[in-house]
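There are 4 protein chains.
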Amino acid sequence: MNVRLSNVLFRVDLTKPMDQQEVPGHNRWHPDIPAVVHVKPGDVFRIEMKDWTDGQIQNNDDPSDIRDVDLCRVHVLSGPIYVDGAEPGDLLVVDLLDMGPLPGAEWGFNGIFARENGGGFLVDYFPEALKSIWEFQGIYAVSRHVPGVRIPSLIHPGLIGVAPSAELLDRWNARERQLVAKDPNRVPVLANLPDPRSAVLGTLRGAEFDRVAKEAARTVPPRENGGNCDIKNLSKGSRIYFPVFVKGAKLSVGDLHFCQGDGEITFCGAIEMSGWIEISVDVIKGGMAKYGIVHNPVFEPGPMEPRFSEYLVFEGVSVDERTGEQLYLDAHVAYRRACLNAIEYLQRFGYTAEQAYMLLGVAPVEGRISGIVDVPNACCTLAIPTAIFDRDIRPKG
Amino acid sequence: MNVRLSNVLFRVDLTKPMDQQEVPGHNRWHPDIPAVVHVKPGDVFRIEMKDWTDGQIQNNDDPSDIRDVDLCRVHVLSGPIYVDGAEPGDLLVVDLLDMGPLPGAEWGFNGIFARENGGGFLVDYFPEALKSIWEFQGIYAVSRHVPGVRIPSLIHPGLIGVAPSAELLDRWNARERQLVAKDPNRVPVLANLPDPRSAVLGTLRGAEFDRVAKEAARTVPPRENGGNCDIKNLSKGSRIYFPVFVKGAKLSVGDLHFCQGDGEITFCGAIEMSGWIEISVDVIKGGMAKYGIVHNPVFEPGPMEPRFSEYLVFEGVSVDERTGEQLYLDAHVAYRRACLNAIEYLQRFGYTAEQAYMLLGVAPVEGRISGIVDVPNACCTLAIPTAIFDRDIRPKG
Amino acid sequence: MNVRLSNVLFRVDLTKPMDQQEVPGHNRWHPDIPAVVHVKPGDVFRIEMKDWTDGQIQNNDDPSDIRDVDLCRVHVLSGPIYVDGAEPGDLLVVDLLDMGPLPGAEWGFNGIFARENGGGFLVDYFPEALKSIWEFQGIYAVSRHVPGVRIPSLIHPGLIGVAPSAELLDRWNARERQLVAKDPNRVPVLANLPDPRSAVLGTLRGAEFDRVAKEAARTVPPRENGGNCDIKNLSKGSRIYFPVFVKGAKLSVGDLHFCQGDGEITFCGAIEMSGWIEISVDVIKGGMAKYGIVHNPVFEPGPMEPRFSEYLVFEGVSVDERTGEQLYLDAHVAYRRACLNAIEYLQRFGYTAEQAYMLLGVAPVEGRISGIVDVPNACCTLAIPTAIFDRDIRPKG
Amino acid sequence: MNVRLSNVLFRVDLTKPMDQQEVPGHNRWHPDIPAVVHVKPGDVFRIEMKDWTDGQIQNNDDPSDIRDVDLCRVHVLSGPIYVDGAEPGDLLVVDLLDMGPLPGAEWGFNGIFARENGGGFLVDYFPEALKSIWEFQGIYAVSRHVPGVRIPSLIHPGLIGVAPSAELLDRWNARERQLVAKDPNRVPVLANLPDPRSAVLGTLRGAEFDRVAKEAARTVPPRENGGNCDIKNLSKGSRIYFPVFVKGAKLSVGDLHFCQGDGEITFCGAIEMSGWIEISVDVIKGGMAKYGIVHNPVFEPGPMEPRFSEYLVFEGVSVDERTGEQLYLDAHVAYRRACLNAIEYLQRFGYTAEQAYMLLGVAPVEGRISGIVDVPNACCTLAIPTAIFDRDIRPKG
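Protein sequence lines, in the order shown, are assigned to chains A, B, C and D.
This note's numbering runs 642 ahead of the 1-based position in the first sequence.
This note's numbering runs 642 ahead of the 1-based position in the second sequence.
This note's numbering runs 642 ahead of the 1-based position in the third sequence.
This note's numbering runs 642 ahead of the 1-based position in the fourth sequence.
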């Protein structure tokens, strides 16, 4: 009778680390991590997942867990899921049918990482670790650390992707090594290279574990396989088309977010949570060539995003705010300035700069590249839905 | 009885260049360009404007006018409008009440600028000049050059801004000069410096004209005063809060767009048009300090944007697509790759690459900074509303 | 050069009554009213129209014109428009491409008709004539008679339809005569029967005029040909499929509304205005049988309706509020009670009952049949978008 | 640790009828049904509920359970919930924070009731019992009985209300008795009067049970206390303001719907389901008089309704389709005709009339009172979102 529960193909016990789960997941990308779940096109099934840090963060007011987080441990993923019939050159169609929290774990966290351990988009302004806890009240999240806002859920997996081929993995490792080599001692690092410490590789053991742990790519960046895209609009009802690089596609998922702002600017960056996801899969044979979807996934957002009609929008242009230096069409800097402008503004309504920063990380703000050709300034905008506040935050005469 | 027409405070004759209008506008930023229109807080009035090139582009199938456009002439603006009571430190509140085409000029153009004369976001892929003409059918635009799409209007001024103070103008010129000095012979240029050629400065004449023409900033980039932000969401009903830098604020407006995609990627980049705008103004005394709106304008979008529910979304990450080089959180490159992925895809549906490029320039596509902290890859997304096509463009099994 | 103006196929002079226009329109339905405009499938053209009363209402504060309005004069329509190739059994496809006010006439009116002359939905509560004037400020309308609200435009023709066949006209007249016969002296009347007084029949003159004037149906009700449907969602970009009953279809249009609430409850009921509409037409041969569209038109709303996200919703059930009598699934009464509940509520925010009544007539309120099977009570709801008010009108603790 | 589960204040066992639950609910309205749950303003809690028929309908292809359903058993409700501090004259504020199915019961049903046992809106056309089963796939429901559609969830309680006072209950019984007396033998009945058969009255037993069972109102109609409003927009995140008639308010809830069309036209009418709801409550002291909310509840819809942009809309006017009789502003008939027009149309796309009827019952269609003053015809519209179909259902040339 219990149809849905019998379809839970990957379970987690929140009291245990990922490598001690009955069926362990993984926290690296490698084609040789064995699949632990098998499904057929058309199957509907449920996957449970831990939060991205593997449970390192507690629901309390002490940010020391954020400061001391073991980032070698991230992101713990559920999978790989082997899809029958999927082969390199196909498109894997993944429908994200629904998502939610696990019973008894209806809360999430947002953190500002310290400069020495991860940093964030505005690390130069916010170098110290900080944490906010968000309690779920149905579709809303509220926080004792950021009062006066109620965030409607735009739940999504921050990380979902397929396994790379060996060739693709080599390419990732090569190009990221070259980047790090430009400034190997930079804090924060330019990229996280393969690192066997804290690696979790599913059922792999022994020499095979050691080999793969040395080669496997870290999960931090989004790449050709999808991965840690942190796209807030991959919410309920969305459909993703993944290029397939290995037999069975080997889909993995994790890093569930109750909500997130575009950019995920605090890095620990959304309302991070454990939970479950309901998925169905299909395969478009030969779809990569047929549709030219070869470099990155393509997706359709779902119909259940929270509806807003009013926004307050902050602009930023690509002039360095500290030096006054004129940069050339630098959207990164333009978006930073839009964020800083918003943080400046929100402080007029009683928020600390840190609260405002975390708020931009967790609220469903829209971050847009509005103009990218008007030399020399890129123009980026940050749109905050005004309905999340319990007061009117618009300027008044 | 003719209430509205008596409120047209700036008129244009489309058969004459801007400097030969009865009341000429301007195409440079400078505090000393005299105001030609005076209004009071609360006033509702109409401003007519020419297209941004001052009428250089014709409704025909020959792109040579795009290739040979005089870019020293851009952007011709209507104004400056002096607002009584506005002083430095205030916020100027501008309501964009309505906009539309001028009778008999219900068409617009999109152009790919040649590398030698402006270029665009994808100039390395599209170095030759090209043009598409868009005819307006009420709220829709259709093109004989890009068949199979019907674009609903998201009309907005690409350029709206207030005059800089002398001090601010000096800062602009200094920082842009420093940038150009890094690669003075680059094609396209890194920035357009002050240039008296083709300058139009309102009613200024003689020595004063010469002085101002040498100092005045070009209108190409968005800056602290707003300016050429090319924000597609500044459409009907939106409200902008401008920092005020000079007495009277000296608002100017131009570069009307029937519609535009985020990024305005072809540079001549929206559906460019002449037309009119209806505006009301107000002043928030001391608003800059009160709200911390000092670096850039803030705005609220209006309620009349076209409603879409289904999108096809392309992702891009910050790896150079030609060299494979890994870049560090480079949103510019990530957005370029998202655009290239979309262009690749649209060619499967019968479009040439050039048509797809122009389509992304003119359709109301959403360009988002989805992830900007997942080192080393920025992740940008480009969302195309599927309803603009006359067929289903989603992947099918 | 003046492309659009040359496509104005029907012009009006607002200073003259409809029968003295250069090309007169009509205010009755009859297959023998001659077409005055001819178009082909694919044509795009513009039609001007007077307000539905033929200019009887003035922009002033005196409601005597509402009280004394000649309702035999309504609705003055522009047309008929003959569409080449349209024949009985076809579907006429009409795209409403754009609409707007005529220059110098940027205002509209709402009226409560007196019981003795028309009445309205709540005539028992509001038996006296009253008027509110609405000035257009771009996409918004504001009124000195109903302060504190700003209504975004949802412009639409209250009346658009095709000519009936002689057989269909006979059926209308027969059934409406039978209804009136049930209570011939009722005030207001149960239906308006053919009445030659104040009839305008295009170019018809003499005996033919007299014959048609006696037979022609009044324009007040919506019927199989579309007609006075007063559907607020027939706004910019919508597409209507009309059954065709006579050769050439003979499309007519009028009764332009700047905005209206569902139900058009004050009868003179929207923000009534003169203006223009841009239309394109097409024909689906044999479409009536092919799609089973035979009794009434079918339509697709356009993409440009104002966006709201927050509503306050009032419920009503089918119990007579004066007698306490339980009615059986009576949606009319249920909607009346929802309206009365809203009017009661709005008075708590400083509006008079009359202002609240007119506000429900002109604002884009949603009137829904929520439950129609839960014997014995129909449940109707009235949803008011809260963003039209300049203050927060929600209940507070 | 299991925060949420400890907040389940009312549990159901789906294998047992409501009167055999550990804590039984009720299926009648009466002030003397004892509260079984107590909460304080500000509390967040979860309530489980059975489907409205108390589990009489099975997930199979045999409609005999629909035909033979015991309608004396409906609606089984969870509650009453006593809210501390709520007194007559107050407003009870109820936030519907989230809803969902119970594990293992992720399906629902729609039924056409037979004329002899309930009937429905179109009983004259569909007098025989029929059933469709809808399986939930995350936010979507699909049916083997109505192929080709996928319905996104607009989950809501069809029935939520507070207890009537004794005086109000008397009024209900008196007015409904008067209605039934007009045609006591009608099939279906005009109203369901108090009936002790199959009554469930919470913990009441013995003589008190017998007294209350004889007096208690049936739950079928919506009334002043809210009740069976079947408002599809009372979905996730909505807030209801109930008038309070008895001490403690005594809130009850049931009749969960996965989705429903406006009107709930098949009577068994939505996708009927068991499930849970998460609620928070508050009280506005003296709110009934302060806001004039005395006759019916008022509500604000939530932000999580599925987003659609394209609709096909069917119109209907108040002329009886069988006799041709002209009715006077009869919105009931006008909506019936709109529904019949839609059913006629959908048959062109391969649906049986019965499938189309059930589809209109379960899909999130909008039923609107578009015009209610244009004598003698009411005009109602039925808008179907086209995105629920797996093909394009618009008319084509």
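Certain hints may be false.
One copy or any two copies: either way a pair holds, since identical chains are not told apart in the list.
[Stated by the list, open to error] Listed next, the in silico EDC-like pairs over lysine to aspartate or glutamate satisfying Cα-Cα at most 20 Å (straight line): (1) Lys889 with Asp685; (2) Lys932 with Asp812; (3) Lys1038 with Glu729; (4) Lys824 with Glu967; (5) Lys932 with Asp1034; (6) Lys856 with Asp812; (7) Lys1038 with Asp737; (8) Lys824 with Asp962; (9) Lys927 with Asp674; (10) Lys856 with Asp712; (11) Lys927 with Glu986; (12) Lys932 with Glu986; (13) Lys927 with Asp685; (14) Lys658 with Asp712; (15) Lys889 with Asp726; (16) Lys1038 with Asp726; (17) Lys1038 with Asp924; (18) Lys932 with Glu729; (19) Lys1038 with Asp685; (20) Lys927 with Glu777; (21) Lys658 with Glu690; (22) Lys856 with Glu809.
Since the hints were made in silico from the structure, they are not lab data.
Checklist entry - Hint by hint, which ones does this structure get wrong, listed from lowest number up? => result The structure breaks hints 2, 9 and 20; every other hint is satisfied.
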